[in-house]
Amino acid sequence: MSAPTTTYRECCKQAIRAALLADPRVFLMGEDVGRYGGCYAVSKGLLDEFGPERIRDTPLSESAFVGAGIGAAIAGMRPIVEIMTVNFSLLALDQILNNAATIPHMSGGQFAIPLVIRMATGGGRQLAAQHSHSLEGWYAHIPGLKILAPATLEDARYMLAPALLDPNPVLIFEHIMLYNLEGVLDPAVTSVDIEHAAIRRPGRDVTLVTYGGSLPETLAAAETLAREGIEAEVIDLRVLRPLDEATILESVRRTRRCVIVDEGWRSGSLSAEIGMRIAEQAFYELDAPLRRVCSAEVPMPYAGHLERAALPNRERIAAAVRTLLRPGS
Amino acid sequence: MSAKIRLDRQRLLALLREMIRIRRFEAKCVELYQAQKIRGFLHLYDGEEAVSVGVMAVLRPEDWVVATYREHGQALARGIPMRALMAEMLGKLEGCCRGRGGSMHIFDARTRFLGGNAIVGGGLPLAVGTALADKMQGRAALTCCFFGEGAVDEGEFHESLNLAELWKLPVLFVCENNLYSMGTPLEIAEAETDIAKKAGCYRMPSEAVDGMDVVAVEAAAARAAERIRSGEGPCFLECRTYRFRAHSMFDAQLYRSKEEVEAWRARDPIDRLARWMHDNGLLHTGEREAIEAEIDREIEDAVRFAEAGSLEPVEELERFVLMDEIPQERLVAGAAP
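Chains S and D, in that order, give the protein sequences. To convert a position in the first sequence, counted from 1, into the numbering used here, add 6. To convert a position in the second sequence, counted from 1, into the numbering used here, add 3.
Looking at chain S on its own, in the form it has when it is part of the complex (with noise of 0.2 Å):
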């Protein structure tokens, strides 16, 4: 009998509820967490279960109770605090750098903020430029944060355990493409770190550095270079911040040429800091220039075929690798 398939929004769901079962200082709090079962119907049925002061419905404040899991934090609880969508963290942008990164160094280490904050990030639902942004980049500019992007049913099922663990806010980006994301959930695996990025695809030919979303698109175009002989080695980073530079170089290091895939805008971009620290690290290594596919610097627009044109595909992630290795293809 092979094992049953499941979604990566269901493991999102059983990482909260076990997180839950675990620990009675963990909640959820955010906006439609409760009744609504969750904008993207992660914590569906965990009221019934757990019950409305752990599983608790916010007014949209996301300043005061991204804030308030601050300071519930500080405190003695547990908080995961679920924000409706990336552009809406913007609002509690204050909250999460000048207190949350900042309370622990500023006030000489009296203060540890054991927070984990999840969001959905990303573009791909025509849901327009105010829904549909890769904005973790800039939080992965924040010293004090820890910035995670599952993009494996097995880091979306087991990430939220360390995540809680960890004495720092977490920060965790969920893929809005990869809510539907579905498979069987590897029985072999019962936990994962929140330390390292995975080599998802070995390869010998050139590295492909992605995260997130990016990852399903970026193993595609793994699959369609194979093909033409090219074999590439795809790295998930799992770990945005603080970044596994180890695993990036030395894999960069064997291959000598390196893609980076970042749904992200190009300019200042987690592209940019990884490409630079290859060029500060293994410069010499390198074969090829560094190359990116990032999303076009425009904000995401509705029609399907602009937002199509405007984020990273296999068709571009492959074309990029072409470069690299039949210079003039």
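Any given hint could turn out to be false.
What the hints assert, rightly or not - In silico negatives: residues of chain S with every beta carbon more than 10 Å from chain D:
id: 1; residue: Asp29
id: 2; residue: Arg31
id: 3; residue: Tyr42
id: 4; residue: Leu141
id: 5; residue: His147
id: 6; residue: Lys152
id: 7; residue: Val190
id: 8; residue: Pro208
id: 9; residue: Met282
id: 10; residue: Gln287
id: 11; residue: Val304
id: 12; residue: Pro305
id: 13; residue: Leu331
To be verified - Just a few of them, taken from the derived set where beta-carbon distance is under 10 Å, the chain S residues facing chain D:
id: 14; residue: Leu66
id: 15; residue: Glu68
id: 16; residue: Ala81
To be clear, the hints were calculated from the coordinates, so they are not data collected in a lab. Keep in mind it's a predicted model, so treat the numbers as computed, not measured. Cβ coordinates follow ideal geometry from the N, Cα and C atoms, glycine included.
Chain S is fixed; fit chain D onto it per the hints.
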């Protein structure tokens, strides 16, 4: 003066003493600032002492305090040792935040003092959170959140009052209305200048009190705290006060008249209490001077301690960016040993 609190001589002397202590501590800070030993921003509480002293008198060790960047008064009244405070002002390792916070960011886990918050309004959501945690964990503590009337302009004020009342959280909101947010008078920032009334919009019991009268502040805070501790939800206290000195050390005070400042100085909370006590035979000749001399000795000791303090090694610069433990769980008052 209210009848609800004890007004015996010792109690009044303690209030008077604490206000004088704050006033003189800050006068020393000005000297040290002029000598360039304290740098950065320095926001003085001069004139507003009755607010923190009156409110703090009703708090308990298990309560949380969230304050602003103008928090020397709260820090001292809450019981943070003056030595640790002065060392922090001088940027020394022996400071309560190892010199990382400075004047605007005083934190002290032992007294549950959660800043020192220099983003106006930014402390209110934190207060909602500590109160939420206390309520969810069944602890009979309250969170006292201080902020200026400038915070009323911020969305976080409204979001936080709403959330606190909606969830019936044990928060005592204390607005220190000193009439100016930096140089902007209340009436050109707010359509409704009656701040206590705004709290009423969130169905929160609220009261405006003469913030230059420490006994009135304490009485009002005691009433509010009693209600909060009974589990009925948050309360709001607007303390009408005035800062006698500039907003910070870089302020030429072009926005208010000398006559206005003088009129408020005539209501000085320290002189007022001392005069009232004297007139009622509760403060004897020479007693105030004796208190001042004793406090000056404490201040001199704190300055010596701070000046003799060490600098945090630069190798420690990145320490505590990421934490490897949750230190407040062993540091805060009432934490398990």
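Here's how the hints hold up against the structure:
no., hint, result
1, Asp29, "holds (13 Å)"
2, Arg31, "violated (8 Å)"
3, Tyr42, "holds (17 Å)"
4, Leu141, "holds (20 Å)"
5, His147, "holds (13 Å)"
6, Lys152, "violated (7 Å)"
7, Val190, "holds (35 Å)"
8, Pro208, "holds (31 Å)"
9, Met282, "holds (20 Å)"
10, Gln287, "holds (19 Å)"
11, Val304, "holds (29 Å)"
12, Pro305, "holds (24 Å)"
13, Leu331, "holds (39 Å)"
14, Leu66, "holds (9 Å)"
15, Glu68, "holds (8 Å)"
16, Ala81, "holds (3 Å)"
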